[in-house]
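Chains as they are written, first to last, in the numbering used here: chain X, 1 to 186; chain A, 1 to 421.
Warning: the hint list may mix true and false statements.
[Said to hold, decoys possible] EDC-like mimics (lysine to aspartate or glutamate), calculated; alpha carbons at most 20 Å apart, straight line:
(1) Lys144(X) x Asp40(A)
(2) Lys191(A) x Asp231(A)
(3) Lys150(X) x Asp70(A)
(4) Lys164(X) x Asp40(A)
(5) Lys104(X) x Asp70(A)
(6) Lys152(X) x Asp40(A)
(7) Lys38(X) x Glu73(X)
(8) Lys150(X) x Asp40(A)
Treat the hints as calculated values from the structure; they're not laboratory data.
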Amino acid sequence: MEVDKGKGEAEETRKVAEADRDTVTLKSSDGKLFEVSKEAAARLSTVLAGMIAGGSIDDNGTDLKQIGSEALENVVDYCNKHANSIPSAALISSSISFNTAPFKEPEEWERKFVDRLSHDALFDLVEAANFLGMERLLDVTCHKISEMMKGKSPDQIREVFNIKNDYTKEELEEIRQELAWAFYDD
Amino acid sequence: MEQQLEGRLAFGLFTSINGEGASLPEDALYEILPRLPAKDLCRLRAVCRPWRSLLSDPNFIAAHAARHPDQPLLVVVGYQACKKNGPVICDVVDLSGRVVKRVHAAGYDDGIRTNDRWVRLVMCTHADLVCVADHGFAMSCQLLNLATGAVHTLPNGVAPKHAAQVQEQATDLSCYDCLWIVFGLVPSIGKYKVLRLVQAVEDSGNDTDMEEEDDLDDPATLDLYEVLTIDGSGQASWRGTQPPPYDLESAYRDSSAVTGGIAYFMLPDDCWDYDGTELGLVGSFDLEREKWRSSIRGPTSGYRATTLKDIKIASLSGHLALCCCRASSSSMDIWFLKDFHKGSWVKQHSIKVSLLHVPNVAQPLLMLNDERIEGHIESWAVLENYIQKIDINKPQMKRYVAVGLYGGNILSLANRILPSS
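So that you can see chain X by itself, here it is in the shape it has in the complex:
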C-alpha cells in the first residue's frame, strides 16, 4: 500500500492529475505515504471528506501528524476492504457522549479485521478513527474492546488497560461486598 513518490514530476502535471485522480495520498507522522480511494475516504471519514471538499488535500501526501504509520496502514486497509464489501453499508449516526441509538453489530469481515490486531494496534486504530471522524471504524474497534472487557475482573481490566487503582484497600473490600453478586459468573 505504501507508495514511493518520485520527486522528478513537474508541479503542473501533478496539479492537473490531482483533479482527475480517484485516490488521495495520506502521510503518517513518521513520513510514510499511503494511497486510498477518494470515494471510500470521503464516505468513511468526515474529516477526509471535509478536506477533499475544501481542496486541502496535498498531492505530496496530506499530513496526518497524529497518526503513526501502522495505524494509518490499518485505516487505509479498512477503507479498501470496506469499499470492496457491501457498498451501501450504512454509517452509524454521529456519536455524542451518551449515544442512545441501538448498537450496530460489526460484520464478519470487520470482526476478522480487528481480531488480528494487537492491543497496541487496536488502541492506535481507535485513536486514528476518532481523529479522522470514522464513525463506523470507531464503532467496530470499540465493539472489539468491549468484547475484551466482558467477564473480566477489575484486576484484569486494570492490567490490560493500564489503569491505576485509586481505591483504598478498605474501599475496595466494601465495593466487593456490596457488589458480591456481580462478581459471580452466571
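Place chain A on chain X using the hints.
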C-alpha cells in the same frame, strides 16, 4: 508489547499507572462501556473512582438502558422488619438468588422504632417502588424508591369526606385500619395512583368491654375506598371513591395485580363457583377514571379450578394473567386476558411444575416473551427454589410477605455504594 502498552489509555477518566499521555479520546470510553451488560458494569465500578463516577452517572445509566432494552430480571422479596426478624425490609435478588441490594427499614437502624410492637412490612411492589407500612396501624404508609432511596410518605388520615361520614354515621368507630393497598402507573398521565381499602373500626382498647354488646344493628366496621395521585408535590391527599360492586373486604394481599393503569383483584371465593360461570372471578378498578368495572368470569373452556389457592393473578408482559395450577397433570396454565369487554381469555402458556412445588406455587412474576420462554420457565423454577431455600436453609432470613418483579434499572439500583469521593 506489554511495555508499549503503558500509558496508552488515558481518557482523563482514569489515571494510568505511569500517568502518561492521553492517547485515546474520552469519547472512546463513552462508546466502549455502554456496550457492556449491566452486570459487567457494576463489577467494573471497582476498577477506579473515575469509572465508578461514570458508571453511576444517571445520564450514562439512562443511555445504557435505552441501548439495552432487555434488562436482567430482578425480584423484590419483601419481609417484615421487626425486633424479631431484624431490620431488613426487602431484598432485591437476581434469578440465582443472589442479593443485589438489601434494604433496611427506615427508623430501625437509628433506634427510633425498635420496640416489640413495631413491625414494618412490605405491602406490595411495582416497578422500582415498594410500598411499606406499619403493621397493625397500617395507615402509616410509604413508597420507597429502591433505586434513588427516595421515600415518599403517603398522607396520614383518611379522605375528608370519609372522616365526616364516619363522624356522622358511626361515632363509635374511632380507629382506621388499612386492609390492603395497591398502586400502579397510569400510563395516560405518567403518574402513580394508589388505591386502598380502609376500615373504620372500634378502638381496640374497648374491645373487652364492648364485645357482648348488640352490634347487629350498627355495623361494627365501615369500609372506605380511597385513591391518591402521587404527583411529587407532597400536597396530595386521599380522595374517597365509590365502593366496588363486589366484596373486596377479604381480598388477599397477593391476589391483586396492576397493569395498564387497571388494578385487578381476585374476588373472594364466595363470588364465584367452581365453574366460574355464574359469578365473576376478577374485579377491577380503572385508576385513570377512578371507577370500578364490572367483574369478569374466568376462561370458560378447559378451565377447572378446585380451590381458590390454585389460581393466582399476575401482570405478565403488560397483560393480566390468570394462572391455574392443575395438580393432576403437574402443570400450570397461564391465561391472558385478551378482551376485557368480551371477557375473553387465551391460554398463552402451559408450564410444567414439580408436584412438590404446586401447593405453594408463587405468583408468576416473570415476563414470558415468546422468544424467551424457555429460559424463563427455568428461571421461574429457580426463583421458586430460591424462595424455598430462604425459608429452609437460611433461618436468619425472614418469611417473605410480598414478592414482585423489580422494574427499575440494575445500575441505578446498585448505585450509592460508597459516599461519593
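For each hint, the structure was consulted:
A C-alpha spacing of about 15 Å is found between Lys144(X) and Asp40(A), which places the hinted pair at or below 20 Å, so the restraint holds. Taking the CA atoms of Lys191(A) and Asp231(A), the gap is about 7 Å. The hint holds against a cut of 20 Å. At roughly 17 Å between alpha-carbon atoms, Lys150(X) and Asp70(A) fall within 20 Å of each other, so this suggested pair holds. Restraint check: the Cα-Cα separation between Lys164(X) and Asp40(A) comes to about 19 Å, which is no more than 20 Å; the hinted pair holds.
For the hint linking Lys104(X) to Asp70(A), the alpha-carbon distance of about 16 Å falls within 20 Å, and the restraint holds. Using a Cα cut-off of 20 Å, the hinted pair Lys152(X) and Asp40(A) holds, with the two alpha carbons roughly 8 Å apart. With a C-alpha separation of about 15 Å, the suggested pair Lys38(X) and Glu73(X) falls inside the 20 Å cut-off, and the hint holds. The hinted pair formed by Lys150(X) and Asp40(A) meets the criterion: a straight-line CA distance of about 7 Å does not exceed 20 Å.
The structure meets every hint from the earlier list without exception.
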